[in-house]
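In the order they appear, the protein sequences are chains A and B. Position 312, counted from 1, in the first sequence is what my numbering calls 312; the numbers after and before it change by one each time, with no gaps. Position 567, counted from 1, in the second sequence is what my numbering calls 882; the numbers after and before it change by one each time, with no gaps.
Honestly, the hints are just simulated from the structure, not real lab data. Using N, Cα and C, we set each Cβ at its ideal position, and we do this for glycine too. Hints are supplied without guarantee of correctness; some may be wrong.
[Claimed, not checked] Residues of chain B placed beyond 12 Å of chain A at every Cβ, according to the derived structure:
1) V451
2) G571
3) G593
4) Y817
5) D847
[To be verified] Which bits of chain A does chain B cover? Going by a derived footprint, with three or more residues having C-beta under 8 Å, they are:
6) 58-66
7) 78-88
8) 256-264
[What the hints assert, rightly or not] In silico DSS-like pairs for lysine-lysine, Cα to Cα no more than 30 Å straight-line:
9) K843(B) with K245(A)
10) K433(B) with K843(B)
11) K472(B) with K877(B)
12) K689(B) with K503(B)
13) K701(B) with K473(B)
14) K837(B) with K245(A)
15) K640(B) with K618(B)
16) K841(B) with K245(A)
17) K618(B) with K701(B)
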Amino acid sequence: MAKKKNVASYVKKTSWKEDMRKNGILYVIFVPVLVWLICFHYAPMFGILMAFEDYSITQGVFGSPWVGMQNFVDLFTGTGFALAFRNTVAMAILSLTLGFFPTILFSLVLTTFPHKRMRRGFQLLSYLPNFVSAVVMCSLATEFLSERGAITQFISLFGPEAQNWLANPNIPIFWVIYTLIGVWQGMGWGSIIYVTSINNVNGELHEAAALDGANRFQRITHVTLPAVMPLIIMMWTMAIGMVFKTVGTNVLLLYMPITYDVADVLSTYTYRMSFGSTANYGLSTASGLFQSVLGMILLIVSNKLGKKASGASLF
Amino acid sequence: MKKKVVSLLMAGALAVSALGLSGCGESGDESSGDTWKMSYWIPKAEDAKFYDEYEDNPVLQYIEANYEFNGKKIDVDFFTAPPGSEQDDFNTLLGTEEYCDIMDLSMSTTSAAELYQKGVLQDLTDLYKEHMPNYVAFLEANPDVSDEIYSIVDGEKKVLALFGIAKEQDDPFEGFIYRRDWVAKYGKNPETGVAFTYGFADESDPESWEDDVVFPSGGDEPVYISDWEWMFDIFDKAMADLNITDGYCYSPYYLGYMETGDLTSSFGGGATGIYIDGDTVVDGYTSDNTRAYLQCMNNWYQKGWIDPNFSEHTSDMFFSVDMEKVYQGKVGLWQGRPSAVGNQLDSEDDYTSGIVVYGAKIPINDVYGGDAQKNKEPNAYMRTTKMGTSVGLTTKLSEEETIAFMEFVDFLYTEEGGMLKNYGLNQEQYDAFGSELYDQLGINGSNYTVDADGTVHTVFSSDKPESIAVTLGRCIGMTDNVDLDKGYDRFVLQAVEAWSAYENSAALRSSVQNAVSTENQKELDKLKANLDQYLARTIPTIIMGTGSYNMNDDADWEQFVKDTRKYGSDKMAGYYQEALDLLNR
Numbered sequence: 001m002a003k004k005k006n007v008a009s010y011v012k013k014t015s016w017k018e019d020m021r022k023n024g025i026l027y028v029i030f031v032p033v034l035v036w037l038i039c040f041h042y043a044p045m046f047g048i049l050m051a052f053e054d055y056s057i058t059q060g061v062f063g064s065p066w067v068g069m070q071n072f073v074d075l076f077t078g079t080g081f082a083l084a085f086r087n088t089v090a091m092a093i094l095s096l097t098l099g100f101f102p103t104i105l106f107s108l109v110l111t112t113f114p115h116k117r118m119r120r121g122f123q124l125l126s127y128l129p130n131f132v133s134a135v136v137m138c139s140l141a142t143e144f145l146s147e148r149g150a151i152t153q154f155i156s157l158f159g160p161e162a163q164n165w166l167a168n169p170n171i172p173i174f175w176v177i178y179t180l181i182g183v184w185q186g187m188g189w190g191s192i193i194y195v196t197s198i199n200n201v202n203g204e205l206h207e208a209a210a211l212d213g214a215n216r217f218q219r220i221t222h223v224t225l226p227a228v229m230p231l232i233i234m235m236w237t238m239a240i241g242m243v244f245k246t247v248g249t250n251v252l253l254l255y256m257p258i259t260y261d262v263a264d265v266l267s268t269y270t271y272r273m274s275f276g277s278t279a280n281y282g283l284s285t286a287s288g289l290f291q292s293v294l295g296m297i298l299l300i301v302s303n304k305l306g307k308k309a310s311g312a313s314l315f
Numbered sequence: 316m317k318k319k320v321v322s323l324l325m326a327g328a329l330a331v332s333a334l335g336l337s338g339c340g341e342s343g344d345e346s347s348g349d350t351w352k353m354s355y356w357i358p359k360a361e362d363a364k365f366y367d368e369y370e371d372n373p374v375l376q377y378i379e380a381n382y383e384f385n386g387k388k389i390d391v392d393f394f395t396a397p398p399g400s401e402q403d404d405f406n407t408l409l410g411t412e413e414y415c416d417i418m419d420l421s422m423s424t425t426s427a428a429e430l431y432q433k434g435v436l437q438d439l440t441d442l443y444k445e446h447m448p449n450y451v452a453f454l455e456a457n458p459d460v461s462d463e464i465y466s467i468v469d470g471e472k473k474v475l476a477l478f479g480i481a482k483e484q485d486d487p488f489e490g491f492i493y494r495r496d497w498v499a500k501y502g503k504n505p506e507t508g509v510a511f512t513y514g515f516a517d518e519s520d521p522e523s524w525e526d527d528v529v530f531p532s533g534g535d536e537p538v539y540i541s542d543w544e545w546m547f548d549i550f551d552k553a554m555a556d557l558n559i560t561d562g563y564c565y566s567p568y569y570l571g572y573m574e575t576g577d578l579t580s581s582f583g584g585g586a587t588g589i590y591i592d593g594d595t596v597v598d599g600y601t602s603d604n605t606r607a608y609l610q611c612m613n614n615w616y617q618k619g620w621i622d623p624n625f626s627e628h629t630s631d632m633f634f635s636v637d638m639e640k641v642y643q644g645k646v647g648l649w650q651g652r653p654s655a656v657g658n659q660l661d662s663e664d665d666y667t668s669g670i671v672v673y674g675a676k677i678p679i680n681d682v683y684g685g686d687a688q689k690n691k692e693p694n695a696y697m698r699t700t701k702m703g704t705s706v707g708l709t710t711k712l713s714e715e716e717t718i719a720f721m722e723f724v725d726f727l728y729t730e731e732g733g734m735l736k737n738y739g740l741n742q743e744q745y746d747a748f749g750s751e752l753y754d755q756l757g758i759n760g761s762n763y764t765v766d767a768d769g770t771v772h773t774v775f776s777s778d779k780p781e782s783i784a785v786t787l788g789r790c791i792g793m794t795d796n797v798d799l800d801k802g803y804d805r806f807v808l809q810a811v812e813a814w815s816a817y818e819n820s821a822a823l824r825s826s827v828q829n830a831v832s833t834e835n836q837k838e839l840d841k842l843k844a845n846l847d848q849y850l851a852r853t854i855p856t857i858i859m860g861t862g863s864y865n866m867n868d869d870a871d872w873e874q875f876v877k878d879t880r881k882y883g884s885d886k887m888a889g890y891y892q893e894a895l896d897l898l899n900r
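Generate the whole structure from the sequences, applying the supplied hints.
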C-alpha cells in the first residue's frame, strides 16, 4: 500500500522574507500576544525557583537561601495534605464527568430547540451566572442550601431531613454540591463554543440522514456528535490539564472547619499553611508547582488517549 | 506627523508616570538648604473629599511651617497604597528596593528584626535615647509597654522601630452583652422569689430604663458562671413565652473557643492558646482550664443553651456569631459591640420590641472543673493595647535626616504636639495659619474645646472620618484619648465598664511575639498552621459531643492532650518561653 504523503510536503516552502512580506500584518497583530505571553507566562517562570528556597522578599529570588526540597517535604507532611489531595482528585474527577457533559447536553438541546426567540432567551439567561462574581454565586448557594433554604426545602419533600447541606461532612455531598455550582456557573458560557460548532455541521448530512429515516435523536448521535467529537476531545483534554488549577476556586467561600475533611483542597490547604503570622511564599510556590506538574502530566496522558480513541489531539 | 508626535508624547508621559508610581524614589537625597525632605509610606490615606495627598493634612502643614527639627524645617511626602492592596504594595516596595525613607510596618509580613538583618531598617537603639527625650519619658511613665518597643537580634535587644503609643488603653470594642429586658421580665428574685419591677420611666426615652434585677451572686449584674446559667433558664422561659422555636441562649464564635481568652479565660485564667503566667509561658491548649471550659460548653450544648449551628457561621477570614438571629431578637447572650447595647436593636417587632441590652463581665467559673479552675478572675481577652502602629526608618535616610524625623515624632509626644496630633488646630493656630479644610467642613476655628475639668470636646465624634482628616491620625505619635468626651450614653458606659472589669495580664504580649527569633518564628508558623487545622476540626465536635473525645472521661482527655501535643502545642510554648526569657534578661 502506498504510503500517505504528508499534507505539509505539498506546501511550497517559502523563505522567511517572503513569508514576512506576505503575512507581515499577521505577525504585527501577533506581537502584543507574544509580549503578553513572554511577560505574564514565561518571565514569571523564574518564580519557580522560590519553591526550592526559603524565600524572603528583601533578598529576592536570587538572594534567598536554597532549601532544596524542604518546602515540598513541609507541604506533603502537613496534617491535612492527604485529605486535601484526595478531595482535590475527587472534585477534579467529578468536574470532568458530572461537571463537563451537562454543557454538551445543554448545547445539543439548545440547537435542536425549534423556537428561535426562546432559544436565544434561554441562551442569554444561561450566560448570566458567568458574569456574576463568585462571591455572590457562593452566597446564593449558601442561602439556597441552608437549613431553611429553597433547595433544602425542595430536597426535604423527598425525605431527607432539613439541614445545612454545606455543613454536611459526609462523602460525597460537598463534592457534588461543588460540582453542580460549577455547572450552574459555567454551563451557559461554556456552551457557546459547542453551539457554534454544532451550527456549523453540514446541513446536507442532516438532510441525508433524515431522508434515510433517522429521527431527531438518531441524527444527534450519528451526525452531530461525531461531527463535534474532535472539539469535545480537545475541550476535555484542556479541561484535564487545567483541572488542578481550577478545582477549589469556590471552596474557600463554601467550606468551614467542620467540613475540612471533605472540602479542603490543595489550594485552600496551601493558603492556610502558607499565610500564618509570616507569609511562606516558598511553600505556596511548591504547592503551585506540584499542581502544575500534575496538570501537565494529565494533559499529556489525556492527549495521547484522545488521539488513540478518536484520532483528534491537541498536539 | 502631528498625531505621531502627540502619541509619542502621551506614551512618554505614561511611561514616566508609571515609573514615578512604582516606588518612593530617592527623596531622602533631596534634602538641601533649609529643609529636610523625606518620604513616608502609609497604608491608608484620607478620602479624596478631604484632600488628595496626605501632605495636605492641615496639622502636618502647620507643623511643617512652624517648627524646626534638627535645625531645619521638614517636608514629608506621603505615599499611600492603592485601597485593598496595602500588603502587596508594601511587599512590592521592599522587593524592588523602592521603599520610602519611613515605612509604616503595620502591613509587614516580615519582622522588624529580619528587615534590619537584611539591611532595610536602621538600628535606632542609641539614637532614640539621645534625640527623643519625650518619647523616652513617655515610655518610663508607662512601664507596662516599655518592653514592647524592642526586637531581639542575635539575642540582643534593639530598637528598630518607633511606635505610636496611647496614654491609656482604648476602650474595648466588644464584649459580652445580654437581654436585660428578658431577665427583668421573666426572672424572679433568687432569694425572695418575687418578680422584678422594670420598665422605661419615660416611654419616649430609651435611656430611662430602670429595673431591680438581682442575680444569684447577690449583685445587679452577672458575675459567675452560675449567674449565667440562671440567666439561661430565664432566657428559655422567655423564648417559650414568645414562641421562639429557633432561638437559643448563647451564640459563641464559630470555632467554639478563643485563642485570646475571653470565655475560655473564665475557667482559671489564661486562654485556650498560648498565654503568660508571670514569667512562664503556658500551653493553654492542653491545660486543665481548657478541659473545664470544654466540659461547660458541652454541657450547655446538650442543654440546648448554645447555638446548635455555631460551627457553621464561618469563613476563613473572620470569627463570627449568629448575627441574623441576634438582630431577630432570638438570642439571649452574645459577644457584641457598643452599637447593640441599650435599645438600639429595637425593630418594633414581636421579639425586639422594648429590647434592652446590657454589657456583661467575663464570668468567673464556680461550677466546672477542680479548685484551680474555680473562683479565679479571667485575665486574658481580646482587647486593643496601648501600642499602635510602628514605623521603621530605612537605611535610605541619612543620619541627619533620621535625627530630624525622630525629633518630629518626639514632638508629637509633647503636650503641645500631642494636642495637635490628636485634636487638630486650636483657635490661635487656626487664626495664625488658617485651613481650607477646616473652612470647607464648617469648623471655621478651633477643632476642639476644653472644659474647666479638662474634658475635651471635638467638633466631630471619633467615629466620623472627618475626625481623622482634621487631625494627624495617620502619622505615628502619642495617642491621647484620656480626656476626650466620647459621647457614650449610659448603656455604652455600663458595657465598657463591664468589659474592662479585669486586667488583661495573661495575653501573649506583642513584645514576646516580636522577640521570637526569625528561625523559631518559621517553626512556629508551621506548627501553628497544623495545630489550627486540627483544633478547628476537633473542638466543635467535642462541644457538640459528636467526636471521639469526651471531656468528662479522663482517658479521653489524656488522649486529647497527647494528640494536641503531637502537633507541637508544647513546643510552641517553648519557643515563646525562650523569647520571654530574652526580654526578661
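Do the hints match the structure? See the list:
At roughly 29 Å from the closest C-beta of chain A, the C-beta of V451(B) stays outside 12 Å, upholding its exclusion from the interface. A beta-carbon of chain A is positioned within 12 Å of the beta-carbon of G571(B); the least distance is around 9 Å. Against the 12 Å criterion, G593(B) stays outside the reach of chain A, whose nearest CB is about 24 Å from its own CB. Against the 12 Å criterion, Y817(B) stays outside the reach of chain A, whose nearest CB is about 26 Å from its own CB.
The claim that D847(B) is not at the interface with chain A is violated, since a C-beta of that chain comes within 12 Å of its own (minimum 7 Å). Residue count for the stretch 58-66 of chain A with a Cβ under 8 Å from a Cβ of chain B: 3. That meets the three needed, and the coverage hint holds. Interface restraint, the stretch 78-88 of chain A with chain B: holds (3 residues with C-beta to C-beta distance below 8 Å; minimum three). Closer than 8 Å: that is the beta-carbon criterion, and the stretch 256-264 of chain A has 5 residues meeting it against chain B, so the requirement of 3 holds.
Straight-line distance between C-alpha atoms of K843(B) and K245(A) comes to about 26 Å, which keeps the hinted pair within the 30 Å bound. About 25 Å separates the Cα atoms of K433(B) and K843(B), which keeps this hinted pair within 30 Å; it holds. A distance of roughly 36 Å separates the Cα atoms of K472(B) and K877(B); the hinted pair therefore is violated under the 30 Å criterion. Between K689(B) and K503(B) the CA atoms are separated by roughly 26 Å; this keeps the pair inside 30 Å, and the hint holds.
For the hint linking K701(B) to K473(B), the alpha-carbon distance of about 20 Å falls within 30 Å, and the restraint holds. For the given pair, K837(B) sits about 27 Å from K245(A) by alpha-carbon distance, which is consistent with the 30 Å threshold. Restraint check for K640(B) and K618(B): satisfied, since their Cα atoms lie roughly 19 Å apart, inside the 30 Å limit. Distance restraint check for K841(B) and K245(A): the Cα-Cα separation of roughly 24 Å lies within the 30 Å cut-off, and the hinted pair is therefore satisfied.
For the given pair, K618(B) sits about 40 Å from K701(B) by alpha-carbon distance, which is inconsistent with the 30 Å threshold.
Consistency note: the structure conflicts with the earlier hints numbered 2, 5, 11 and 17.
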